[in-house]
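Protein chains: 2
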Amino acid sequence: MPKVEFRPSQRAAQVPPQTVLLDAARQAGVEIESSCGGEGTCGQCLVRVVNGEVDSRSLGTLPQAAIAEGYVLACATHIRQEDLIVEVPPQAELKGGKFASENEPHLVRQELLPKQWEFDPLAVKWRLTVVPPRLESGISDLDRLTRAIQHDWGKQPVEYSLLGIRKLAHTLRAAEGQVTATIVRDSGRLHVINIEPGDTTLRHYALAIDVGTTTVAIQLIDLAAAQIVAARSDYNDQITCGLDVISRINYARDPSRLEELRKRVLDTINRLIHQIAKSHGVDPHEISNAAVSGNTVMTHLLLGLNPEYLRLAPYAPTLLHVPYLRDAEIGIDINPQAWIHFSPSVGSYVGGDITAGILCTDLATATEDINLFIDIGTNGEIVVGNQSFLMACACSAGPAFEGGGIECGMRASTGAIEKVWVDEATGAARYSTVGNVRPRGLCGSGMIDLVAGLFLTGWIDPAGKFNRVRPCSAIRIEGRRASYTVAPAGESAGGKPIVITETDIENIIRTKASIYSACALMLHQVGLDFTDLCHIYIAGGFGRFLDLENATVIGLVPDLPREKFHYIGNASLMGSYMVVVSQDFRQRQLELARRMTYFELNTDPAYMEQYTGALFLPHTDPARFPSVKAQPGV
Amino acid sequence: MPKVEFRPSQRAAQVPPQTVLLDAARQAGVEIESSCGGEGTCGQCLVRVVNGEVDSRSLGTLPQAAIAEGYVLACATHIRQEDLIVEVPPQAELKGGKFASENEPHLVRQELLPKQWEFDPLAVKWRLTVVPPRLESGISDLDRLTRAIQHDWGKQPVEYSLLGIRKLAHTLRAAEGQVTATIVRDSGRLHVINIEPGDTTLRHYALAIDVGTTTVAIQLIDLAAAQIVAARSDYNDQITCGLDVISRINYARDPSRLEELRKRVLDTINRLIHQIAKSHGVDPHEISNAAVSGNTVMTHLLLGLNPEYLRLAPYAPTLLHVPYLRDAEIGIDINPQAWIHFSPSVGSYVGGDITAGILCTDLATATEDINLFIDIGTNGEIVVGNQSFLMACACSAGPAFEGGGIECGMRASTGAIEKVWVDEATGAARYSTVGNVRPRGLCGSGMIDLVAGLFLTGWIDPAGKFNRVRPCSAIRIEGRRASYTVAPAGESAGGKPIVITETDIENIIRTKASIYSACALMLHQVGLDFTDLCHIYIAGGFGRFLDLENATVIGLVPDLPREKFHYIGNASLMGSYMVVVSQDFRQRQLELARRMTYFELNTDPAYMEQYTGALFLPHTDPARFPSVKAQPGV
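Protein chains in written order, with the numbering used here: chain H, 169 to 802; chain X, 169 to 802.
Do not rely on the hints blindly, as some may be mistaken.
[Unchecked claim] Listed below are the simulated DMTMM-like cross-link pairs for lysine to aspartate or glutamate, each with C-alpha atoms no more than 25 Å apart in a straight line: (1) X:Lys335 x H:Glu759; (2) H:Lys335 x X:Glu476; (3) X:Lys323 x H:Glu759; (4) X:Lys335 x H:Glu497; (5) H:Lys323 x X:Glu759; (6) H:Lys633 x H:Glu759; (7) H:Lys335 x X:Asp223; (8) H:Lys431 x X:Glu476; (9) H:Lys335 x X:Glu497; (10) H:Lys323 x X:Asp354.
[To be verified] Estimated spans, in silico, between C-beta atoms of each pair: (11) X:Met169 x H:Lys171: 33 to 43 Å; (12) H:Arg216 x X:Met169: 43 to 53 Å; (13) X:Val299 x H:Ser355: 22 to 32 Å; (14) H:Gln182 x X:Gln755: 56 to 66 Å; (15) H:Lys171 x X:Asp191: 33 to 43 Å; (16) X:Trp285 x H:Ser556: 52 to 62 Å; (17) H:Arg216 x X:Leu331: 44 to 54 Å; (18) H:Arg371 x X:Glu344: 25 to 35 Å; (19) X:Lys283 x H:Ser556: 51 to 61 Å.
[What the hints assert, rightly or not] Here are some chain H residues pointing at chain X (derived, C-beta under 8 Å): (20) Val299; (21) Arg302; (22) Ile317; (23) Gln318; (24) Asp320; (25) Gln324; (26) Ser329; (27) Leu330; (28) Ile333; (29) Leu336; (30) Gly356; (31) Gly472; (32) Leu488; (33) Asp495; (34) Gly515.
I should point out that these hints are in silico values taken from the structure, not numbers from a laboratory. Remember, predicted model here, so these are calculated numbers, not experimental data. Glycine included, every Cβ here is placed at the ideal spot set by N, Cα and C.
Please work from the sequences and hints to get the whole structure.
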């Protein structure tokens, strides 16, 4: 098999001919970002073939000069029979996104997280002493093990898997009866999911998984040390099959495509697990607890359930509450005997990511204060309530703030422009990037800063159109295309300018309008107003530096005292962490899901009215945003 | 792919080049017997290639004339690229063994079998009406199904498999909520293992499986009609890896060989299932109940459990009582969600075949009469007792009565000599065969008749040696080899004489001695004698016409009034039938297993003494067999 060596890392992989170069890179442990999902359109996976011949579909789309130097798109390039040497430009190699920052995996209110002494996962490790076999006793290995377990845990039924039983004879004899059992405690019975020789209680891991329409994030948790080891995220491999849940549902109509979608999201999850486990010396089989939170469509697709009926009236999902399933049935690369917890969904468009997300907020506490939770992903989901009532709704926001559908958009990983300041006089932008490296694109928080900055300084009008009167070197109008250069070609990592177009800004305005109007309508439905709110929690993958001032300026969030707002990042991931480490939180989540009422926006004609009103910066009714004072455009 | 046509049946299969011809025949539905397990030694799979070229290893072992005519051993012949026409001689094609006789699948006391109204398998089919989805209700398909089940079965927890859930949305809508659920009732909860649209309660099947060291037998049961549809048996594919349990344990020392043994017995079972299901129009997925009975070693091997510790003191098995396991973990080709019942074992050498077998006898009833159960397979197992006590032991009998290790031995399938009469004057044999066709070999009942006949007429002496004084055209002494011709070459189906050798007779005497002496010792241990016995049940795969008179003559069974004896055939298979159709019998079997005391023969020095005494016809102490009067050899 041909060997492919990647430089400068000198990592290499031997792969069969016809392998896609991007896959070869993944096998070699070289992670190259590809936000279009291997469609050959985003151009992020540009690499240079230094030595050897390849078959590349990408050649037609690249400049002649780049082709002459050996540049290809790794996703559109197949390996031939011969060895290759491939150079990976610094900007192509993925250095780990925001969620992967190991020093800062929380971003939620610490006091709400489970304490070490509350750690109580579904599967626990338990040390046992099993008596040795004796000729007279006439009992089997399994009986002796069961007796040892029942000695410690009481006379409840004990169940086993065949895989575990297969290792039993050897395991019991290897450590003279000193073994560690991994036990799932189900109501009234015990399930033994693993038996290991000796004391392995210090090697016990769990996984929190957030399956978003655009982004998948995972967290590895060391249960023995009661700490988060690391977090990682990547684009959901499904995005090549449609950007939002409706297009995924349409794509899944054919059974083989449903299976393809299932495999794609599983591949994403498993790739992240292998990366994170490998870099922390954890065997994936040592992970015997996992909690998955995703919206209802993502949950259906991960489980291979036909999502068709989610988009057809009466919008009945196959399931809202996923029963405990063995991982062997699901296919996540952890201990196949593990029981997977799925955060429960509330309706076809309010899913487990929301019942996980609100766990991190005061909505999960016994308070009379009325709180609002907004999760801005590809779908926007909103929950409002207190200890007496909980209402939820969903709107389709689109993936703009995660980088999707925006010309230079990207998620909050290394090189993303995360903060922007616009100079009032010149219209030029200053910015900072994740990792303080050369910029590669704009993440959600950068977009919000940019649009707010351009609006406040008068370089765009309330409709999001560029000022075509006052000259600005950053603004370029070419026929129907109008763009603003944030970072010129010379500054950027990819050698191309980083811009925002009028179309991008329209897209961002539509996204913020759908969120704001859904919040406004929902409050109206329960006879409340924004001013009745005590806390507003904003979750979503914008990046670390979501500027609330700027979010108010563009009208994404209401104009309220800033101390009421809390940006809590990936709340679905943190909620997954909470339920995987603690049965109490799991119970609390079930109760929250049971209490929550699902409100269908699409059947309410008032929604379109609210939405249209919000399609301006900050709103058609400026009285709603008294603190926002933009320079009039000249 | 080349096409192979078999004549005269004209069945054909398309198979890849390099396929073994015997496998091609099986794929075409042409069953060719191969008692050596494809080792190229038994010669039973002789076929003639009429058209086309093959690669055959068998050519060196066949006569030149046969090779010239195109004869090959199907097991030792590989297909090339081209089409073939193959003629299967009548004697090679398996017409179905004794157990496969569909008119006579019982062979046990009918009054002990479950009645139709006692049919109560672990998994039942249940018709349900599930309410349609409604917009307002906000409940999922799964919730609606659970409510329908709990409506009929009460508020117990209901569990599902992911495979079942995947079909749910479509299934509920296909028949407007009219569905049939297949439900396993576990203590305190219900497991839904299948959901089908409409009413499928009339298509519900179960499987009884007897896994013997030498022979595997299965029975297909129509649960809706409460009847046995058919039965079939074949040699266990493991026999090429060793004839008895000890040699299988030795073979399994290497993990890859343990896996090979597991695969071989699974292949045997699955081949039988596919044959029986196909010929009765049953989809294997319609089989959602199965009970397996096998000795402890066979059970370990089928489950892939290392049997090593069964032959090392203190002889502790990994398990005696197999917990319920999903078939998906085991790999039998029926509904993968089915829960498989394994008959419980009592000790390392008294297995589930015995706890299943005694269910067919009065040992399973509340009687004070003392009864004896003898199962003669490759191992001999003996149980004695009544309602107050049950004792069991095992001895290694060897596979002689199943055809193993006997030059012309075979199991009781078509062409087997099953009854023999020896003429006192000439020493010549008359015989009858299964199916009244030309003879192909000797099955157990034929061997017993033959040895008894030769002994009674003085053609062999009490030590089993041929009469070398009185001339007999059937006896042939060539150096160390002494043989007796039952059927001359001209009469036999294979064109070779069917003989029994002195070595065969020694083998048979050792087998009967091990059984008889184990019975005698066990009774002695509990202070009893053969005369204390009320009933003696003999189980085993001899064939239909086991002649008790002759079994007494050779000293296999004690010399007692003949009405006390009951030959009950494959009791393990019938016991499996009983537990798979009825939970009551399953409960009874558990209690029997719990009550049974295992007695270890090998550690008792008295056993060797008893055994040596029994190595004569009928015994060294003729007073034990007063009714046996042999002609003195001249």
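Checked hints:
no. : hint                            : in the structure
1   : X:Lys335 x H:Glu759             : violated (28 Å)
2   : H:Lys335 x X:Glu476             : holds (12 Å)
3   : X:Lys323 x H:Glu759             : holds (19 Å)
4   : X:Lys335 x H:Glu497             : holds (14 Å)
5   : H:Lys323 x X:Glu759             : holds (19 Å)
6   : H:Lys633 x H:Glu759             : violated (47 Å)
7   : H:Lys335 x X:Asp223             : violated (42 Å)
8   : H:Lys431 x X:Glu476             : violated (40 Å)
9   : H:Lys335 x X:Glu497             : holds (14 Å)
10  : H:Lys323 x X:Asp354             : holds (17 Å)
11  : X:Met169 x H:Lys171: 33 to 43 Å : holds (35 Å)
12  : H:Arg216 x X:Met169: 43 to 53 Å : holds (45 Å)
13  : X:Val299 x H:Ser355: 22 to 32 Å : holds (27 Å)
14  : H:Gln182 x X:Gln755: 56 to 66 Å : holds (58 Å)
15  : H:Lys171 x X:Asp191: 33 to 43 Å : holds (39 Å)
16  : X:Trp285 x H:Ser556: 52 to 62 Å : holds (56 Å)
17  : H:Arg216 x X:Leu331: 44 to 54 Å : holds (47 Å)
18  : H:Arg371 x X:Glu344: 25 to 35 Å : violated (52 Å)
19  : X:Lys283 x H:Ser556: 51 to 61 Å : holds (60 Å)
20  : Val299                          : violated (11 Å)
21  : Arg302                          : holds (6 Å)
22  : Ile317                          : violated (13 Å)
23  : Gln318                          : violated (14 Å)
24  : Asp320                          : violated (19 Å)
25  : Gln324                          : violated (11 Å)
26  : Ser329                          : holds (7 Å)
27  : Leu330                          : holds (4 Å)
28  : Ile333                          : holds (6 Å)
29  : Leu336                          : holds (5 Å)
30  : Gly356                          : holds (7 Å)
31  : Gly472                          : holds (5 Å)
32  : Leu488                          : holds (4 Å)
33  : Asp495                          : violated (10 Å)
34  : Gly515                          : holds (6 Å)
Of the numbered hints given earlier, the model fails hints 1, 6, 7, 8, 18, 20, 22, 23, 24, 25, 33; all others are met.
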